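A.B. asks: Each chain, letter by letter, is given below.
There are 2 protein chains.
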Amino acid sequence: MVIVNRVAGLRERKKEQTRQRIAAVASRMFAERGFDAVTVNEIAEAAEVAKATLFDYFPTKESLALQGVGGDDLAGIVARRPAGQTFLEALRAHYRAFAAGQMPEADLDKLLTRVRVIQDSPALQNAASSLLYQQRQALAQILTDEYGPTAAALMAAQIAASLLTLQETHFKRLLDGASAQEAGRVLAQDVELSFDLLEHGLNHAERALTCAHEASTTTPEPSPTICSPERSSTPSKSGTR
Amino acid sequence: MVIVNRVAGLRERKKEQTRQRIAAVASRMFAERGFDAVTVNEIAEAAEVAKATLFDYFPTKESLALQGVGGDDLAGIVARRPAGQTFLEALRAHYRAFAAGQMPEADLDKLLTRVRVIQDSPALQNAASSLLYQQRQALAQILTDEYGPTAAALMAAQIAASLLTLQETHFKRLLDGASAQEAGRVLAQDVELSFDLLEHGLNHAERALTCAHEASTTTPEPSPTICSPERSSTPSKSGTR
DNA sequence: CTCGAATGGCAGACCAAGTTCATTTTTAAA
DNA sequence: TTTAAAAATGAACTTGGTCTGCCATTCGAG
Numbered sequence: 001m002v003i004v005n006r007v008a009g010l011r012e013r014k015k016e017q018t019r020q021r022i023a024a025v026a027s028r029m030f031a032e033r034g035f036d037a038v039t040v041n042e043i044a045e046a047a048e049v050a051k052a053t054l055f056d057y058f059p060t061k062e063s064l065a066l067q068g069v070g071g072d073d074l075a076g077i078v079a080r081r082p083a084g085q086t087f088l089e090a091l092r093a094h095y096r097a098f099a100a101g102q103m104p105e106a107d108l109d110k111l112l113t114r115v116r117v118i119q120d121s122p123a124l125q126n127a128a129s130s131l132l133y134q135q136r137q138a139l140a141q142i143l144t145d146e147y148g149p150t151a152a153a154l155m156a157a158q159i160a161a162s163l164l165t166l167q168e169t170h171f172k173r174l175l176d177g178a179s180a181q182e183a184g185r186v187l188a189q190d191v192e193l194s195f196d197l198l199e200h201g202l203n204h205a206e207r208a209l210t211c212a213h214e215a216s217t218t219t220p221e222p223s224p225t226i227c228s229p230e231r232s233s234t235p236s237k238s239g240t241r
Numbered sequence: 001m002v003i004v005n006r007v008a009g010l011r012e013r014k015k016e017q018t019r020q021r022i023a024a025v026a027s028r029m030f031a032e033r034g035f036d037a038v039t040v041n042e043i044a045e046a047a048e049v050a051k052a053t054l055f056d057y058f059p060t061k062e063s064l065a066l067q068g069v070g071g072d073d074l075a076g077i078v079a080r081r082p083a084g085q086t087f088l089e090a091l092r093a094h095y096r097a098f099a100a101g102q103m104p105e106a107d108l109d110k111l112l113t114r115v116r117v118i119q120d121s122p123a124l125q126n127a128a129s130s131l132l133y134q135q136r137q138a139l140a141q142i143l144t145d146e147y148g149p150t151a152a153a154l155m156a157a158q159i160a161a162s163l164l165t166l167q168e169t170h171f172k173r174l175l176d177g178a179s180a181q182e183a184g185r186v187l188a189q190d191v192e193l194s195f196d197l198l199e200h201g202l203n204h205a206e207r208a209l210t211c212a213h214e215a216s217t218t219t220p221e222p223s224p225t226i227c228s229p230e231r232s233s234t235p236s237k238s239g240t241r
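Quick mapping for you: the protein sequence lines, in order, are chains W and P.
Take the first sequence: its position 109, counting from 1, is numbered 109 in the numbering used here, and each next residue is one higher.
Take the second sequence: its position 163, counting from 1, is numbered 163 in the numbering used here, and each next residue is one higher.
Check before you lean on any hint, since a few could be wrong.
Pairwise CB distance ranges (calculated) [stated by the list, open to error]:
id, chain 1, residue 1, chain 2, residue 2, range
1, P, Ala50, W, Tyr133, 34 to 42 Å
2, W, Asn41, P, Gln141, 36 to 44 Å
3, P, Arg21, W, Met103, 54 to 62 Å
4, P, Asp120, W, Asp36, 22 to 30 Å
5, P, Arg19, W, Glu12, 34 to 42 Å
6, W, Gln119, P, Thr39, 29 to 37 Å
7, W, Asp109, P, Gln141, 25 to 33 Å
8, W, Ala50, P, Lys51, 29 to 37 Å
9, P, Leu131, W, Asp176, 25 to 33 Å
10, P, Ala50, W, Glu12, 46 to 54 Å
Hints listed in this document are in silico derivations from the structure and should not be mistaken for laboratory results.
Keep in mind that this is a model prediction, so the values were computed, not measured.
Here a beta-carbon is modelled for each residue, glycine too, at the ideal position from N, C-alpha and C.
All chains, please: the whole structure from these sequences, using the hints.
C.D. replies: Listed below in structure tokens is the structure:
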């Protein structure tokens with residue numbers, strides 16, 4: 001009873017170690033050869049575990065590639081928002097902050113290879129999008145109190161779909177070779193566009209698109225939402241802010 | 001050369017016949033025992049074809065259960081809308097009409113058992129939702145000309161998500177035992193709610209929900225959009241219209 | 001320190017979905 | 001009737017995933 005939790009037990013450590021090894025080997029192999037071209041037997045062999053053991057740690061092959069792809073906790077963001085803020089304001093603020101923040105080069109590289117792997121495999125895309133589904137349900141649950149189940153479900157669906165699309169186009173741009181800087185700038189615009197559409201509706205798309213933008217009920221930072229060039233795939237440098 | 005195309009050739013007819021037989025056998029078995037509890041070998045055996053033949057006709061087990069679940073042709077509806085109508089008006093009109101229309105008892109029964117089968121199997125739900133994905137892409141494609149790729153993708157995503165949710169809740173109500181009449185009435189309300197949200201944005205949800213409803217830019221029929229009770233799961237009979 | 005109980009890992013058999021391919025049957029047309 | 005294309009077949013094979021029984025390690029208590 002003297003020393004209880006050195007590092008939480010040898011057993012736990014070994015287990016964690018094994019999990020890491022499997023995950024690492026798997027991502028490396030997926031990155032090198034693509035999701036479909038790698039078999040779980042090969043992964044198990046390379047990680048020096050039995051197939052049964054591998055499936056002890058990861059329920060499916062997909063889960064090996066989606067390690068840690070939880071997405072943002074939409075429901076949490078909404079539930080924990082400061083008093084007086086609407087739920088859309090809270091979400092907007094969150095994504096605005098995200099777009100503004102920079103990611104360390106190395107992390108971004110790792111993230112991007114994973115995204116590439118995912119987007120190359122329909123099976124993985126499905127798996128990823130059904131991860132999002134759970135979040136949508138959670139968000140709907142929270143909004144139900146205020147708006148009733150049907151409206152809440154509709155809102156949650158719209159929000160989740162928007163954010164997923166946002167993410168998709170952002171990653172696509174990065175994969176197409178846009179610089180992180182460039183992509184970040186475009187993302188910031190798109191976040192505003194996205195939430196403007198959500199808040200004011202598709203009917204007012206003109207306004208959002210033509211940058212009247214008197215909207216933006218919550219504007220903690222000026223954040224001028226540069227008028228989107230959008231149509232030209234090579235935005236003129238004039239928008240360098 | 002005397003008789004060329006009696007009914008487009010014996011070959012074709014037999015083929016079609018085989019396809020039908022497989023599909024019919026499969027849906028029956030799925031309905032009886034559930035998607036996961038039926039193996040393709042059993043289906044093949046029951047339909048008196050070889051497994052290889054079965055997979056000649058249907059690429060996956062899922063496709064056997066999703067026969068004819070194409071969903072509505074969103075892109076087509078928008079593309080073929082009469083001049084002067086906005087794309088949202090066109091979609092709203094379509095779904096309004098759908099909600100108003102009645103379905104023959106027998107068809108509805110068949111549809112419902114299929115829906116039940118689908119909703120009982122995660123694998124099938126995934127397959128179904130990736131069917132919708134293609135429609136979303138098609139819709140986005142059409143809207144791109146007018147709004148640019150990003151806004152179009154966002155709009156299409158919101159619309160598709162809304163309509164899918166609409167469908168989901170409608171079916172859920174039917175499966176929970178609501179009468180077709182009752183469900184149809186609620187659906188009609190929800191269609192309006194859904195499009196109001198899309199048109200005017202979540203911020204104006206209050207208006208939509210509290211039934212100010214000065215909106216509805218296109219109103220071919222008065223279609224009074226009964227103020228949604230929504231919160232009470234047993235709508236009072238007063239809304240019998 | 002030792003003993004017994006958990007626990008982790010293992011090998012291999014097994015199952016179902018789907019593919020491949022060589023072979024046979026059926027149909028269309030000369 | 002002959003012949004070539006198309007359809008169907010069955011059997012072997014691949015792959016993801018499960019199950020079972022066995023061995024080795026770790027843990028906790030005496």
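A.B. asks: Any of the earlier hints contradicted here, and which numbers?
C.D. replies: 5
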